[in-house]
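Q: Each chain, written out:
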Amino acid sequence: MTRVVLPQHLRKLARVGGEVTLEVAPPVSQRAVLDALESRYPMLRGTVRDQVTLRRRPYVRFFACAQDLSHEPPDAPLPDAVATGAEPFLIVGAMAGG
Amino acid sequence: MSGVRVLVGTRKGAFVLTADGTRRHWDVSGPHFGGWEVYHVKGSPADPNRVWASQSTAWFGQLIQRSDDGGTTWEPVGNRFAYDGVPGTHLWYDGTPHPWEFARVWHLEPSLTDPDAVWAGVEDAALFRTADGGQTWQELPGLRTHASASSWQPGAGGMCLHTILLERTRPDRLRVAISSAGAFQTDDAGTTWRPINRGLRSEQLPNPTAEVGHCVHRIAMHPSRPQVLFMQKHWDVMRSDDGGASWHEVSGNLPSDFGFPIDVHAHEPETIYVVPIKSDSEHYPPEGRLRVYRSRTGGHEWEALGRGLPQRDCYVNVLRNAMAVDTLEPCGVYFGTTGGQVYASADAGDHWAPIVRDLPAVLSVEVQRLP
Chain Y
13 MTRVVLPQHL
23 RKLARVGGEV
33 TLEVAPPVSQ
43 RAVLDALESR
53 YPMLRGTVRD
63 QVTLRRRPYV
73 RFFACAQDLS
83 HEPPDAPLPD
93 AVATGAEPFL
103 IVGAMAGG
Chain X
2 MSGVRVLVGT
12 RKGAFVLTAD
22 GTRRHWDVSG
32 PHFGGWEVYH
42 VKGSPADPNR
52 VWASQSTAWF
62 GQLIQRSDDG
72 GTTWEPVGNR
82 FAYDGVPGTH
92 LWYDGTPHPW
102 EFARVWHLEP
112 SLTDPDAVWA
122 GVEDAALFRT
132 ADGGQTWQEL
142 PGLRTHASAS
152 SWQPGAGGMC
162 LHTILLERTR
172 PDRLRVAISS
182 AGAFQTDDAG
192 TTWRPINRGL
202 RSEQLPNPTA
212 EVGHCVHRIA
222 MHPSRPQVLF
232 MQKHWDVMRS
242 DDGGASWHEV
252 SGNLPSDFGF
262 PIDVHAHEPE
272 TIYVVPIKSD
282 SEHYPPEGRL
292 RVYRSRTGGH
302 EWEALGRGLP
312 QRDCYVNVLR
322 NAMAVDTLEP
332 CGVYFGTTGG
342 QVYASADAGD
352 HWAPIVRDLP
362 AVLSVEVQRL
372 P
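Going down the list, the protein sequences come from chains Y and X.
Residues in the first sequence are numbered consecutively from 13, following the working numbering.
Residues in the second sequence are numbered consecutively from 2, following the working numbering.
For the record, the hints were derived by calculation from the structure and aren't laboratory data.
All residues carry an ideal CB built from backbone N, CA and C; glycine is no exception.
You may find that some hints are simply not true.
Covered by chain Y, per the in silico footprint, the following chain X stretches (three or more residues, Cβ under 8 Å) [unchecked claim]:
# : segment
1 : 61-71
2 : 192-200
Facing chain Y, according to a computed beta carbon distance under 10 Å, are these residues of chain X, among others [what the hints assert, rightly or not]:
#  : residue
3  : Phe34
4  : Gly35
5  : Gly36
6  : Trp37
7  : Glu76
8  : Pro77
9  : Thr187
10 : Tyr285
Quick list of the computed label-pair ranges, beta carbon to beta carbon [to be verified]:
#  : chain 1 : residue 1 : chain 2 : residue 2 : range
11 : Y       : Pro70     : X       : Asp28     : 34 to 44 Å
12 : X       : Pro209    : Y       : Gly29     : 31 to 41 Å
13 : X       : Ala83     : Y       : Pro70     : 56 to 66 Å
14 : X       : Val87     : Y       : Thr33     : 37 to 47 Å
15 : Y       : Gly29     : X       : Ala83     : 30 to 40 Å
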């Protein structure tokens, strides 16, 4: 199971509390996690990545294992600790706008 | 007794204000979608319990929310706004070509007859439509691919399609307005479009009477008289008596003819309302006095309406989507400010009182008459 932590606005939109757990078939990548997330919570489509280009939205960041993975290729494998659920995959709204 | 529901979009959420027909005592619910910008909230004329909201942030993009119980509960519906084909370019602020990029939905115009059909005006300017209750949205690409579109430029607020006018007796006719491209009309349900800007004059353009490029802020029309249109332009209040084929200025004795909203009295098609703003660089009322101006003669002759509005030290703005009228008797008039006040008049503008004073900056105000 892969654990995903959503920012507050998206938790409210998806009507979930805390983190969500997803079944993600290996290899576990950003794209695979987001595909699984949007499949389970369709109302999140377009909020993390653009629906047409599938690119990460500019003010969204991906963190895991104390690393910023935002600029990693979408199909690059995520750390094993994320794939196994030992560590969560964090979707974060960037600090911007004051 | 009939009642009213005022739908308010703000920088930090939506609010629903309800009252009975006296319009004296108000219930306030919200914020709905707290923390999100809500550019527009509008109810369906075909089903007053169906209400649509455009919700967005720079962080998480665009959502469309639908309520089927008058704004009490909401469900997100489809939010995929994909331009049809390769979107091409328009002009950027510096005059260079810039690719069309979807930013947000500025305006939702529900069908007059079908609760499942809505038009959406978006930034960068284009028109979309849903026919399935918001599950899917399709662009009507004839507007964005108009021969003039590569020369359109954004206004300060972005290149937004902010006004959509429908006619009950001619469902294939739509008129839209884009900042800052101007006004356009289709008579074939959006397949082909033509500019309707003749008579507009904008000194900010190299050719002040160009066919397109005018910064139209808002167009209003009385539903019983769709050939008569009223426009608040960047500067100038304008009128057309031939459905937009030609325009003439009716600014008359206004203290400033700059402003954003314009609306028409529900029962008197020659009575119109504007909120003069000092200038395009000073977005606040002249003399720090908030006054709605009413013309009972379809323009030219205007009277100031300030009873109940702040008459000193007031430096708010009233944005283009932030004024509405109800169809009760007497006609109610409503507007919201960037200072978070929503004012109501239950006597066609003679007297005003705030419904709420401390909302986030108000982006849009619409009103529904309830049975």
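Q: Verify the coverage statement for the segment 61-71 of chain X against chain Y, using a C-beta to C-beta distance below 8 Å and requiring 3 or more qualifying residues.
A: Satisfied; 4 residues make the cut.
Q: With a cut-off of 8 Å between beta carbons, are at least three residues of the segment 192-200 of chain X near chain Y?
A: Since three or more residues must qualify, the claim that chain Y covers the segment 192-200 of chain X is violated, with 0 doing so at under 8 Å.
Q: Quick one, is the X:Gly35 hint okay against chain Y at 10 Å, beta carbons?
A: At about 8 Å, which falls below the 10 Å cut-off, the nearest Cβ of chain Y leaves the hint on X:Gly35 intact, so it holds.
Q: Have a go at the X:Pro77 hint: is there a Cβ in chain Y nearer than 10 Å to its own Cβ?
A: holds (4 Å)
Q: So, X:Thr187 near chain Y? Judge it on the closest CB pair being under 10 Å.
A: Status violated, d = 25 Å.
Q: Do the beta carbons of X:Val87 and Y:Thr33 sit within 37 to 47 Å of each other?
A: Since the Cβ atoms of X:Val87 and Y:Thr33 sit about 40 Å apart, the hinted range of 37 to 47 Å holds.
Q: Does the beta carbon distance between X:Pro209 and Y:Gly29 stay inside 31 to 41 Å, or does it fall outside?
A: Between X:Pro209 and Y:Gly29, where Cβ atoms are some 58 Å apart, the hint is violated.
Q: Have a go at the X:Trp37 hint: is there a Cβ in chain Y nearer than 10 Å to its own Cβ?
A: Constraint on X:Trp37 satisfied, holds at 7 Å.
Q: Should the hint that X:Phe34 touches chain Y count as held when the rule is a Cβ pair under 10 Å?
A: holds (9 Å)
Q: Take the shortest C-beta to C-beta distance between X:Tyr285 and chain Y; is it under 10 Å?
A: Since chain Y brings no Cβ nearer than about 23 Å to X:Tyr285, farther than 10 Å, the hint is violated.
Q: Does the nearest C-beta of chain Y fall within a distance shorter than 10 Å of the C-beta of X:Glu76?
A: holds (8 Å)
Q: Is it true that Y:Pro70 and X:Asp28 lie within 34 to 44 Å of each other by Cβ?
A: Between Y:Pro70 and X:Asp28, where Cβ atoms are some 39 Å apart, the hint holds.
Figure legend: structure checked against the earlier numbered hints; hints not met, in rising order: 2, 9, 10, 12 and 13.
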